[in-house]
Structures are given as C-alpha cells and as structure tokens.
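Q: Sequence:
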Amino acid sequence: MAVSELLSLTLFITFLCPVNNGRVEATHEIYPQFQSLSAVSVHQLHRTAFHFQPPKNWINDPNAPMYYNGIYHFFYQYNPKGAVWGNIVWAHSVSKDMINWKALEPAIYPSHRFDRKGAWSGSATILPGNKPIILYTGVDPSDRQVQNYAVPANLSDPYLRKWIKPAGLNPVVDPEAGVNASAFRDPTTAWWLSGHWRMVVGSKRNHRGMAYLYRSRDFIHWIKAKHPLHSAPHTGMWECPDFYPVLLSGRQGLDTSVVGKQVKHVLKVSLDVTRYDYYTVGTYLTNEDRYVPDNTSVDGWAGIRYDYGNFYASKTFFDPAKKRRILWGWVNESDTTSDDVRKGWAGIQAIPRIVWLDPSQRQLMQWPIQELETLRGTNVKMNHQMLKTGDHIEVKGISAAQADVDVTFYIPSLDKVEAFNLGWSLTDAQLLCAKKGSKVQGGIGPFGLLALASENLEEYTPVFFRIFKSSQKHIVLLCSDARSSSLKDGLYKPSFAGFVDVDLTDKKLSLRSLIDHSVVESFGAGGKTCITSRVYPTLAVLENAHLYAFNNGTETIIVENLNAWSMKKPLRMN
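Numbering-wise, the sequence shown is residues -21 to -1, 1 to 553 according to mature numbering (1 follows the signal peptide of the UniProt record, and there is no 0).
Treat the hints loosely; a few may be bogus.
[Said to hold, decoys possible] Below are the BS3-like pairs computed for lysine-lysine, each with C-alpha atoms no more than 27 Å apart in a straight line: (1) K301 <-> K547; (2) K75 <-> K110; (3) K395 <-> K418; (4) K414 <-> K452; (5) K367 <-> K486; (6) K395 <-> K467; (7) K240 <-> K367; (8) K367 <-> K395; (9) K75 <-> K301; (10) K110 <-> K35; (11) K205 <-> K240; (12) K414 <-> K467; (13) K418 <-> K448; (14) K414 <-> K375; (15) K486 <-> K360; (16) K487 <-> K448; (17) K418 <-> K487; (18) K548 <-> K375; (19) K486 <-> K548; (20) K110 <-> K301; (21) K360 <-> K375; (22) K60 <-> K35; (23) K141 <-> K203; (24) K60 <-> K141; (25) K418 <-> K472; (26) K35 <-> K96; (27) K141 <-> K35; (28) K110 <-> K141; (29) K487 <-> K367; (30) K81 <-> K418; (31) K414 <-> K367; (32) K414 <-> K486; (33) K487 <-> K548; (34) K548 <-> K75.
It should be emphasised that the hints constitute simulated quantities derived from the structure, not laboratory data.
Between the sequences and the hints, there should be enough to build the whole structure, so can you do that?
A: Quick look at the structure:
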C-alpha cells in the first residue's frame, strides 16, 4: 500500500475511549500503520549537522537531563521502530560537553503493569549520597497515568546503563479521586524543603491547568497537598511542568532546592492546547507551598514563551560543574508525516541553552551553551557595512547551510519610526509579522538576515527586526518568517514572531542565528527573544545555500559588526 493510501488511516490527535468514566487523551498524532515501519534508508538532505538527533526514527520530549560524576546524561522519548510517535522508550545518551554524544541502550521501556501502555516523560533528581533517581509517567492497563520511579542498577557504572523499576513499590503516585487519571503526567525534578521532598505533576480539571503538589520524606511514599502549587483557568492541560529558582542578578544557576530572598522562581508549563511552552516569573511562598506569579507575568497563551517558534516539552536541569541552569527543548518537524516516513526520521533537540533572570526581573534570558563554540570553523567578518533601502549583501566564505552567525546592527536615526497602530495586538506578534513580512517597507525595518537563501532568492528564511513607536516607547518585533523558505508545497510555513523588550538608547540590536540545514535557531537582543524555525528548502541546500544581510526599510541600517562561522560536525552518536 502506498504511503498516501496509508495516510488515509490516520487517527486524529485526540482519541477517546472509556477509562474510569473519563477519557484517554493522547498528545501526539497517532499513525499505527507507521509506528513500526523502520526506515530502509535514511535521507540525509535536511538532517542537521550539530543539533542533537539520533541516526534515524522519531524523537520528542527531553525527559531527564542531568549531570552525574562528570558525565552529562540525556534521556529522551524515542521510537526505536519508526519515524512517527509510538513504541516510546526512554533513549539514553551520554556526553562530557553536551555537544559530542554517545548513544546507549534505552534506560526505561514498558515492561510492568504500571507502565505497560507507555513510559512517558519525567525528571531526574540527585538524592543525598549522590544517588540519582528518575520519576516518570507510566500508563497502566486501564489507561490510567501513574507516576513511577527508577534507579540505576549499578552506581559504579559511569554511564548508568541499566535502570531498575522496583515492581513492589511502583507506582509511587496514583491519581486519587477528583484527579483526571487520563491527564496526569510529567513529574518534575524534586526539591527539598523543611524535611520533605516536593514535586509537581501536570494535569487539568475541566479547562483549568493544574500543577498538583506532592510531598514525601523518603521519595517513595508521596502525599498530595491540599492545594496545587499553582493553577490557572482556561489554559487546558499543563504538560511537562518545570519549577526552579533563579538568582535576582547574575547568570549563575541554582540547585532546584534553593529558596530565599535572593531568588525568584520560574514555573514553566507546556500548553497542550497551543503546543507551545509558557512561563511565569514569581514568588514561591514556602510557608504556604504556593507559587504566585508577579503582576508582570501572565498565565496562559498571552504569557511569555521560552521560544516563539518550534519548541515544546522543554526541561531544565542544574549543572553543578559550571553552576548554570541548562534548558533543553524538543524541535518538531514542519513537513508531513509521509515526508517523515520517507526520510526515516523526525524531530531534533534545540541547542542546549543557559537561562538566567533578566535585570528587569520580568523575563528570562537564554543563550547557547559555550561548548557549541568548539565547533566553529572558518570565520568571516563584516564591519561598518551600510545597508540602504533594498540592499541584500552576501556573507561569503562560509558554509551557509551550517553556520553560526552573530551580528550587531546600528540604527543611525530613530526619527522616522513607523507608528504602532492601535488596532494591532501587543499579544499577537505572529499576526503582525504575517501582515508585514520581510518585504513590506517600514521606516526602520525590516532588516536582518536572509538564511538558507537560494542564489536568486527564490527561497530564503528571513530573520529580522521591525521597530515601531507607540505613544510611550519603541516597540521591537523579531520575526522568523518561513513562508518563503521553500518552493515545496504541503509544508507548515508560519511567520513566527515575538516582541523584544529592549531599550534602544544605544540604537543597537543584536541577532544570533544558528543555521543547520533544516533549522534556524535565533536569539534576539542577547537572548531576550528566541525563535526556532524548521524549514525544508529545495534549492538553498548544502553548497547552494547562501546568507545575506538585508534592509527593506526606508532608513539606512549599519552592520556594526558581523561574525559568521562555518560549523563542524560533532562526534555523532554511535
């Protein structure tokens, strides 16, 4: 049967069946006909070179990244049998730098009654005595989501290859009466406070997003708190919650158990309704075990996102070796399921990022880990280059399909800024980007980079700024617009965008873009606003890809300095 014929058998993203008078709700499109259809050959054309990606098949959520005895461990949801979601196991890779990875056998896979129908996402915690433990969601024969634990079989094994799930003690958390057993998953890294471990499980009650709080003295016997850590109406299922402290100033990361006046806390949830990650910054009231977002943070899809593009189910961990908090995020595909089956793979992970609190204390900052710079090769520079209206100047001398580009733009004058229309929404940057695009002339902007561009610009992915002026301040928009990225039909090609909360006193804006064949991962204003786009050019591939700096605004922009590097391949997983 042809792939196109098989696709007609596709089941919708949410499927229903009776369970405890409730519903079973899946969070991925289900293609049973493809779940065990292993790739005969793997198409390399759009595979990434320096992003985390196994040799073939499907990956999704980063599960439980951790640092243990000099080794970084990365667990992730993986289908060992096909390029669509299904047959999920906890794949396991290890590294000394989070760039070069060695693949091991799966750490966790369905094998007991408490996870017979699924071993889903979770987190890792390092217990006293330097003992790692994993909490994860299992799906039992009644389709109930329960929380289980696993421990290494041999702590003297530096790679922690084997993990044990004690059958007599699991599950450690059952959904009690009043908890939606079909929407109860993704336990967080635990934190220690006042003689108890605490952790959160994501859920929903009707349309209210819930972060249920549990406490334990021994990490085995957990008791549900009388009230959730936090909840919010009209936000739906909260997947993959993450709760951690950040210092009020500086880039240093903190262990998850740190509390006090010198920190704020971050609560991140992955909204199943929108398939994006949102976070708030606020205060953890330790005497009440409640989290209260600051009045500058909003719950739900009007809130702040880690990344305004393809980025979901993220997870952070504290790296004690370098005292930093590291963010991992799943970058899904934007092509079709039949494309994924044909090419033999689907899904990558974003480059690991350090996260810290912005000096304004209203949002986080993000930046690629420094280890990525070890892959930089040939370097070219551009300094004090004027970009007049309509200019697009090529950055030559590097491999433009596989590059790291860091540029600072200088804006000579802010006098002719386009007025921000009162009819435009400050909460829907993507709509504004789609309306304006990279070609509609403004006063200041659009200006930025044309990534993965063909020689005659039949294809290109523009990453650019536009500046507007309201009655009170300048409004900066960052866009990554995939609509012109490929001549191929049937792709999801959105105009991703986010506003950038930045002061233009120095008249400068910076942009860093990591370009890797089918992904453009961008960091605006030093990491205030991030956007990741998946693109699949047909002409701008390999040595036929080009990179340009451009300006389509009426006002001249100056490339104050631009550094671009060809990126080498890391040691691939084996």
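Q: Hints first: check each against the structure and report whether it holds.
A: Quick rundown of the hints versus the structure:
1. K301 <-> K547: 24 Å, holds
2. K75 <-> K110: Distance ~19 Å between K75 and K110 Cα, so the pair holds.
3. K395 <-> K418: Holds, at about 18 Å.
4. K414 <-> K452: Given that 27 Å is the threshold and the Cα spacing comes to 22 Å, the pair holds.
5. K367 <-> K486: Distance of about 17 Å is within 27 Å: holds.
6. K395 <-> K467: 38 Å, violated
7. K240 <-> K367: 50 Å, violated
8. K367 <-> K395: Holds. K367 to K395 sits at ~15 Å (cutoff 27 Å).
9. K75 <-> K301: Distance ~12 Å between K75 and K301 Cα, so the pair holds.
10. K110 <-> K35: 32 Å, violated
11. K205 <-> K240: Satisfied, since the Cα-Cα distance of roughly 26 Å is no more than 27 Å.
12. K414 <-> K467: 22 Å, holds
13. K418 <-> K448: 19 Å, holds
14. K414 <-> K375: Given that 27 Å is the threshold and the Cα spacing comes to 31 Å, the pair is violated.
15. K486 <-> K360: Holds, because 21 Å separates the two Cα atoms, which is no more than 27 Å.
16. K487 <-> K448: 16 Å, holds
17. K418 <-> K487: The hint holds at about 22 Å.
18. K548 <-> K375: 20 Å, holds
19. K486 <-> K548: 36 Å, violated
20. K110 <-> K301: 20 Å, holds
21. K360 <-> K375: The given pair, whose Cα atoms are some 9 Å apart, holds under the 27 Å limit.
22. K60 <-> K35: Given that 27 Å is the threshold and the Cα spacing comes to 9 Å, the pair holds.
23. K141 <-> K203: 30 Å, violated
24. K60 <-> K141: Cα-Cα ~21 Å, so holds.
25. K418 <-> K472: 16 Å, holds
26. K35 <-> K96: 23 Å, holds
27. K141 <-> K35: It holds: about 23 Å lies between the C-alpha atoms, which stays within 27 Å.
28. K110 <-> K141: 14 Å, holds
29. K487 <-> K367: The given pair, whose Cα atoms are some 17 Å apart, holds under the 27 Å limit.
30. K81 <-> K418: With a Cα-Cα distance of about 44 Å, the restraint between K81 and K418 is violated, given a limit of 27 Å.
31. K414 <-> K367: Within the cut-off at roughly 23 Å; holds.
32. K414 <-> K486: OK: K414 and K486 at ~25 Å, within 27 Å.
33. K487 <-> K548: 32 Å, violated
34. K548 <-> K75: 16 Å, holds
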